[in-house]
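Use these hints to put chain B onto chain A, whose structure you have.
Number of protein chains: 2
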Amino acid sequence: MRNAARWAVTLGLTATAVCGPLTGPAAAALHAPSTLVLTMGHGVGAAAAAPERAVTLSCAPTPSGTHPAATEACAELQGTDGDFATLTPGGRVVCTKEYNPVVVMAEGAWQGRRVSYERTYSNECVKNASVTSVFAF
Amino acid sequence: MRNAARWAVTLGLTATAVCGPLTGPAAAALHAPSTLVLTMGHGVGAAAAAPERAVTLSCAPTPSGTHPAATEACAELQGTDGDFATLTPGGRVVCTKEYNPVVVMAEGAWQGRRVSYERTYSNECVKNASVTSVFAF
Numbered sequence: 487m488r489n490a491a492r493w494a495v496t497l498g499l500t501a502t503a504v505c506g507p508l509t510g511p512a513a514a515a516l517h518a519p520s521t522l523v524l525t526m527g528h529g530v531g532a533a534a535a536a537p538e539r540a541v542t543l544s545c546a547p548t549p550s551g552t553h554p555a556a557t558e559a560c561a562e563l564q565g566t567d568g569d570f571a572t573l574t575p576g577g578r579v580v581c582t583k584e585y586n587p588v589v590v591m592a593e594g595a596w597q598g599r600r601v602s603y604e605r606t607y608s609n610e611c612v613k614n615a616s617v618t619s620v621f622a623f
Numbered sequence: 487m488r489n490a491a492r493w494a495v496t497l498g499l500t501a502t503a504v505c506g507p508l509t510g511p512a513a514a515a516l517h518a519p520s521t522l523v524l525t526m527g528h529g530v531g532a533a534a535a536a537p538e539r540a541v542t543l544s545c546a547p548t549p550s551g552t553h554p555a556a557t558e559a560c561a562e563l564q565g566t567d568g569d570f571a572t573l574t575p576g577g578r579v580v581c582t583k584e585y586n587p588v589v590v591m592a593e594g595a596w597q598g599r600r601v602s603y604e605r606t607y608s609n610e611c612v613k614n615a616s617v618t619s620v621f622a623f
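So the protein lines, in turn, are chains A and B.
With our numbering, letter number 16 in the first sequence gets 502, and the count goes up by one each step, no holes.
With our numbering, letter number 86 in the second sequence gets 572, and the count goes up by one each step, no holes.
So here's chain A without its partners, still in its complex pose (with noise of 0.2 Å):
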């Protein structure tokens, strides 16, 4: 019975030891990385703009960060495979010809590819209605 109870302890601490390493950055890594952060100023050109707003977005294992909508947001970027310059337009929306330009930036990682997007737009109308959730921030 002791023997036993040695086999069920040297087991368990085995299982532990081959088990462990699966939570914390292990776990992690088996998903390529999509972690995002987006920005965005005024000014024409992310060198020019200093950033006002920025958001983080992850989309992997779960849609998470501190966008308002990460889930629309992962689900828009899910659809275009990451890609955000083929991000589709939200609803009609008529806008002022103002000129007052906002540019809008996505940076970090996408299933395991490097991301590095800058959008200038004349306004933030124009902004708003040009992509759905993504950079609705």
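Treat each hint with caution, since some may be false.
These stretches of chain B come out as covered by chain A in the derived footprint (C-beta under 8 Å, 3 or more residues) [to be verified]:
1) 522-531
2) 538-544
3) 592-606
No wet-lab data here; the hints were simulated from the structure.
Just so you know, even glycine gets a beta-carbon here, dropped at the ideal spot from N, CA and C.
Just chain B, lined up with the frame of chain A:
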């Protein structure tokens, strides 16, 4: 008495209308954003190295994100005013001279300034010995 109740409701609604917008995006905008995505991968230079791990780090209003030691990482960055190049190394560590380069990147915003930092180390041990918490993930 009914008049008093009506006044109470009116005051309550006014308070909600005035104070309500301070939660959500407006509240976040009270702090210049300090929000980053930190990535690491194997290779020389970010252009050649696919991100293998990525974490988010926000330092305002409080440390948060998927970084495993957000509080320590934010404290270190506050100590250098967000200057990644002058982060101090940890304790003395002896590393092999194996050449298996890793590159780390930090992108996003620090106190409203744009951040785009990358550095290549000759191997992961050298990376871990070079900065204490910020790139330890």
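Against the structure, test the hints numbered earlier, and report the numbers of the ones violated in rising order. none
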